[in-house]
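We have chain R already, so just place chain H on it with the hints.
Protein sequences, first through last, are from chains R and H. Counting in my numbering, the first sequence tops out at residue 497, every number present. Counting in my numbering, the second sequence tops out at residue 1059, every number present.
Misleading hints may appear alongside valid ones.
Estimated spans, in silico, between C-beta atoms of each pair [unchecked claim]: (1) G190(R) to A1013(H): 47 to 57 Å; (2) V797(H) to F98(R): 47 to 57 Å; (3) V797(H) to P467(R): 32 to 42 Å; (4) G255(R) to A1044(H): 41 to 51 Å; (5) H748(H) to P290(R): 28 to 38 Å; (6) S327(R) to A864(H): 35 to 45 Å.
Only pairs whose alpha carbons sit at most 27 Å apart, straight line, appear in this in silico DSSO-like list of lysine-lysine [unchecked claim]: (7) K254(R) to K164(R); (8) K423(R) to K77(R); (9) K842(H) to K419(R); (10) K92(R) to K143(R); (11) K419(R) to K99(R); (12) K120(R) to K414(R); (13) K382(R) to K419(R); (14) K842(H) to K409(R); (15) K73(R) to K282(R); (16) K423(R) to K80(R); (17) K414(R) to K842(H); (18) K143(R) to K842(H).
Reference listing, derived: stretches of chain H covered by chain R, where coverage requires no fewer than 3 residues with Cβ under 8 Å from a Cβ of chain R [claimed, not checked]: (19) 916-929; (20) 975-981.
Everything labelled a hint here was simulated from the structure, so no lab data went into it. The structure displayed is predicted, hence computed values, not measured ones. The C-beta atom is built at its ideal place from N, Cα and C for all residues, glycine as well.
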Amino acid sequence: MTVTWNAANAAHLLRRAGFGATAKDVDKALKAGFEKTLAGLLKPQQGKFKRPKPVDELGELQCWWIARMLKSKHPLAEKLTLFWHNHFATSIAKVESPDLMVLHVGTLQQHALGKFQDLLLAVSRDPAMLVWLDNRSNFAGAINENYARELQELFTTGVLDKDGQPNYTELDVVEVARAFTGWTLFEHHFAFDASGHDFGTKTVKGVTGALDGTDVLAILAADPSTARRIPQKLWSFFAYPVALDDPLCDELAAVYVASDGRIRTILEHIFRHDAFYSDTAQRALVKSPVEFLVAALRLLGATLHGGYPSEIGDVLTELGQALFAPPSVFGWKEGDQWVGTSGLLARNTRGEWIADARGKNHPVKYAPSKLLGKTKEWAALDAPAVVARVLAALDTEASPSTVAALTAYLQADDAGQPQPLVVDADFVDGKLRGLISLVLGTPEFQLA
Amino acid sequence: MNVTRRNFLKSLAMLPAGYALLPQGLLRAIMAPPGAGPRNLVLVDLRGGNDGLNMVVPYGLAGGSYYGEFRQSLAVPLSAVLPLAGGIGLNPGLLALKAHFHAGRLAIAQGVSYPEPSFSHEVAQRIWQTGDPANAAPDGWLGRFLAQLGVPSSPSAVAVSGTLELLVTGSGGFVPNFQHLQDFSFPSDDEHAGDKANRRAAYAAITAGLAGSGGHLATMADTSTGILELIDLFATVPPFTSVGTYPAGSSLSSGLKLTMRLLHADIGMRYFHIPWGGFDTHADQELDGFHSKRMALLGDALHAFWQDLGSAGLADDTLVVVFSEFGRTVHENGSGGTDHGSVAPVLVFGNAAVGGLATPHPSMDPADLTESGELPMTTDLRDVFGTLVADWLGGDAAAIFPGHALTTLPLLV
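Only chain R is shown next, with the shape it has when bound in the complex (with noise of 0.2 Å):
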């Protein structure tokens, strides 16, 4: 599979495995060249995890997984990162502490794009995931199933297969309870507590012996349910939706057998795929609320100011995605779901709150002139110019229609009459903000 290495393809790989992508981004690739882009997005994270300082409210966890999206060098294994936390949907309404949720964050970070099972281990022995999931109260001959069901129903098999099978019984949950009995806390970090384990004889997927939760991890990750079922999430997270029993999941399946769970090599096989830059693909997917505040800031070369936390915080709330905060173990729901109602609304309320961000008390901090360019070409712009200008800028592929709609907004005046447009520091700081609000509510900038 060669991949047409073009300014449409690069937009979208880019835009997919980061957070929108800009002119600059989109030359730069380009110029590198299709592999070398390709490597530097799959590269593993240099460094360390950086932890915030020490945080006390939601909104500051919030500000700062945001501004580490807007300013990553690595924007795929910040990317990947969200999935990880959608998938392994963990909320600080239960946890409580802001510094279990970052060591959280940091346990899906670390493991991003490595082995799958690894992924599992750590999250199994993360102390946010245990208080979420309850199982540093789950000990023998008081058993908590908690984990033991959600391991096997969200994060690894599902509950049923591609044929529409039950993949576990109720006996199957109490069997996986009983091999994580003991793993516990102790002063907020991972125990393991032998007198409250289980070292009976389990059986699990056929399994039968004194099996304890790493035992399990094993299992589950190279059950052939698991092996579809994670690539089958990471492609319609990355590409578009696919079911379980598409084929095109036998062919990702086969690719997580192969490298025994790896996500970067079932990353990169994705990233290489014909269907990946196929039309089904392109633009096909409605951005994440978070991908939305991002994307917008990034695009529009802003910046975020620290100090509004509890607004920040109000911004995802109200866009339908509280990071740190999902509504329940499943997560978000995607796709259409996140445009209902008060979802669109909230785009259209807080793409205007951007736009016309203003003065030193506004977190949010751009020059509309700059999606302009050059002072002096200013003169020769139009309104179809404009429209054009802003538009590529903020990485929209509009309809006809609504290039007809903007460029008749540009045009009137407060009494909605057709006027002459003068590119002038009046027009730059209203009707081009206007420009930027409406652009930002369309539909067409909703979609990646």
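Using the frame of chain R, we list chain H on its own:
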């Protein structure tokens, strides 16, 4: 969009031929006797699997309760249970509902589930919303009822939720999902207020241009069009002054207040789905009275809502139904919590409800438990919702719950 349901009905009355298109049941609902307005239904959805045994407590069933033996640390103390009838009582947090039960306004269907229940939140939530135990229906049972009504000129149902909800999904037109009325205004730049109308006109043109384009764009365009219409509609909604006292800091309270304001406004919105989370109590269920406090938040909010309905003259026309995707294990677990179970009670509350225990509680005898240790089901959820569809909403229950022979339950006066 400015056609209210009432006006719509008036216009319908001038077009007698239109009646022929409506199913008999709908006709009955619409032609309700004077004094009885169009009927409203509010569905409170306790997400996470509410512990039904600690909500409607089988403390003294004839033939042996066993409740205290199953729930050694979590049992509601006998001294605290609020007795209703037949050895069944309420969680003390539901004190506000006890009087309603005795006054004949609270019907309780017990042991509600469906064949081969799922212990997965996701699957079970889908089944309670679709009303399809095979989990194959692509739409919600209320959504299918809305489709029977036909596409209205303005939305008749609302998901009081940040996300779309399956329960109200169907081919019955745009069903908005939102939690706050104040969000509905078209955003504009304070420093260029004169440009607001232009921005809005441009947005309207954009969404109109994308209608019918297919895929996500068309879906979003439809939603955007709906948003613009709601912005205008909600600008006309008058404030409503509550006479009831809703518990503070609960999203159920705010959801019910929003519902009340929209019902009072009489803008054709009659069917409300209010999901309310926080019931997945695997550990420390009663630490600091956690679950009992949630019961109080529920009971007090419902009572306040009923008082408000009364002051708005809507108490005879509105029913509230409380359900959850499953109950919890009969046995408590080792962490002071309960794991995923199956059967659970459903509450039907309002002046039009008939007070009492509408269906029997399952036997608590350990010998009668199912293979996986669950209480046997006594009531099919399709009979609960089917009775409401047929006798309250006037819909065609057989078409909404295909393949199910409806047993009408004594839930309604």
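Tested hints:
no.: 1; hint: G190(R) to A1013(H): 47 to 57 Å; result: violated, 23 Å
no.: 2; hint: V797(H) to F98(R): 47 to 57 Å; result: holds, 52 Å
no.: 3; hint: V797(H) to P467(R): 32 to 42 Å; result: holds, 36 Å
no.: 4; hint: G255(R) to A1044(H): 41 to 51 Å; result: holds, 44 Å
no.: 5; hint: H748(H) to P290(R): 28 to 38 Å; result: violated, 52 Å
no.: 6; hint: S327(R) to A864(H): 35 to 45 Å; result: violated, 21 Å
no.: 7; hint: K254(R) to K164(R); result: holds, 21 Å
no.: 8; hint: K423(R) to K77(R); result: holds, 21 Å
no.: 9; hint: K842(H) to K419(R); result: holds, 24 Å
no.: 10; hint: K92(R) to K143(R); result: violated, 34 Å
no.: 11; hint: K419(R) to K99(R); result: violated, 32 Å
no.: 12; hint: K120(R) to K414(R); result: holds, 15 Å
no.: 13; hint: K382(R) to K419(R); result: violated, 35 Å
no.: 14; hint: K842(H) to K409(R); result: holds, 24 Å
no.: 15; hint: K73(R) to K282(R); result: violated, 30 Å
no.: 16; hint: K423(R) to K80(R); result: holds, 24 Å
no.: 17; hint: K414(R) to K842(H); result: holds, 22 Å
no.: 18; hint: K143(R) to K842(H); result: violated, 42 Å
no.: 19; hint: 916-929; result: holds (count 4)
no.: 20; hint: 975-981; result: holds (count 3)
Hint compliance for this structure: hints 1, 5, 6, 10, 11, 13, 15 and 18 are broken, all remaining hints hold.
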